[in-house]
Amino acid sequence: LNAMYEPEVYSPQGQSVVIDESFAPYSLIPELEEGEREELESFLAEFLDVYVIFAGCANDNRQANYWKVRQYVVPDSKLAERMLEALAGLQYAKSHGDEVADIDIHHLYALSEDAYLFDVTYYVDTIGQEGLVRTTSNARMVIIRSADKLLVESMIGY
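Residue numbers (this note's numbering): -7 to 150.
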């Protein structure tokens, strides 16, 4: 009997939603207004620029890179903790130049008045011994507004 039951799900706008393999749980959350989107997209681009330099130790100054990227991260968050733990290992990472070449934002949703979910793909150009190499990374991030400042609370690659 239960195997034949198909639940009826509706979007906030009252439209019927089909639950299949392409359904993402956050797809029912309405997207943001244009002005709010621009502010968040700008913040995301700034964060990814400093994050990529931190992760690749591109300028061979891991301490300065750490403190710069921490300005974009919620203090005492798991992300801040993971970045601090990664700091020692970054002495072995050294690129000759990392740069965010492009960002594709797949989804950007307001989880509440002060919390947002990003689902992004970002492309990084790295200059190494083999010349220019482009890598692709996917991430989901939660960004919060705290005291009128945007900060990354969590980030997970997939």
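Hints in this document: simulated from the structure, not taken from any laboratory.
Glycine included, every Cβ here is placed at the ideal spot set by N, Cα and C.
Some hints here could point you the wrong way.
To be verified - Simulated restraints on C-beta separations:
#, residue 1, residue 2, range
1, I97, K141, 19 to 29 Å
2, E0, R74, 33 to 43 Å
3, E31, E91, 34 to 44 Å
Claimed, not checked - With a Cα cut of at most 30 Å, we get these calculated DSBU-like pairs of lysine-lysine:
#, residue 1, residue 2
4, K60, K141
5, K70, K141
6, K70, K86
7, K70, K60
8, K60, K86
| query | Is it true that the C-beta distance of E0 to R74 lies inside 33 to 43 Å, as the hint says? | reply | Holds, since E0 and R74 (Cβ atoms, about 41 Å apart) stay within the stated range.
| Does the hinted range 34 to 44 Å hold for E31 and E91 at CB? | Distance hint for E31, E91 is violated at roughly 23 Å.
| field | Hint check for K141 and I97 - Cβ pair distance inside 19 to 29 Å | value | Holds: the Cβ-Cβ distance is about 21 Å, inside 19 to 29 Å.
| request: Assess, step by step, whether the Cα of K70 is no farther than 30 Å from the Cα of K141, and give holds or violated. | output: Status holds; Cα separation ~19 Å.
| Is it true that the CA of K70 sits at most 30 Å from the CA of K86? | holds (25 Å)
| request: Take a quick look at whether K60 and K141 sit within 30 Å of each other, Cα to Cα. | output: Status holds; Cα separation ~15 Å.
| request: Starting from K70, check that the Cα of K60 is at most 30 Å away, please. | output: holds (17 Å)
| task | Would you check the hint for K60 and K86, treating anything up to 30 Å between C-alpha atoms as holding? | result | With a Cα-Cα distance of about 17 Å, the restraint between K60 and K86 holds, given a limit of 30 Å.
When the structure is compared with the earlier hints, a violation turns up for hint 3 alone.
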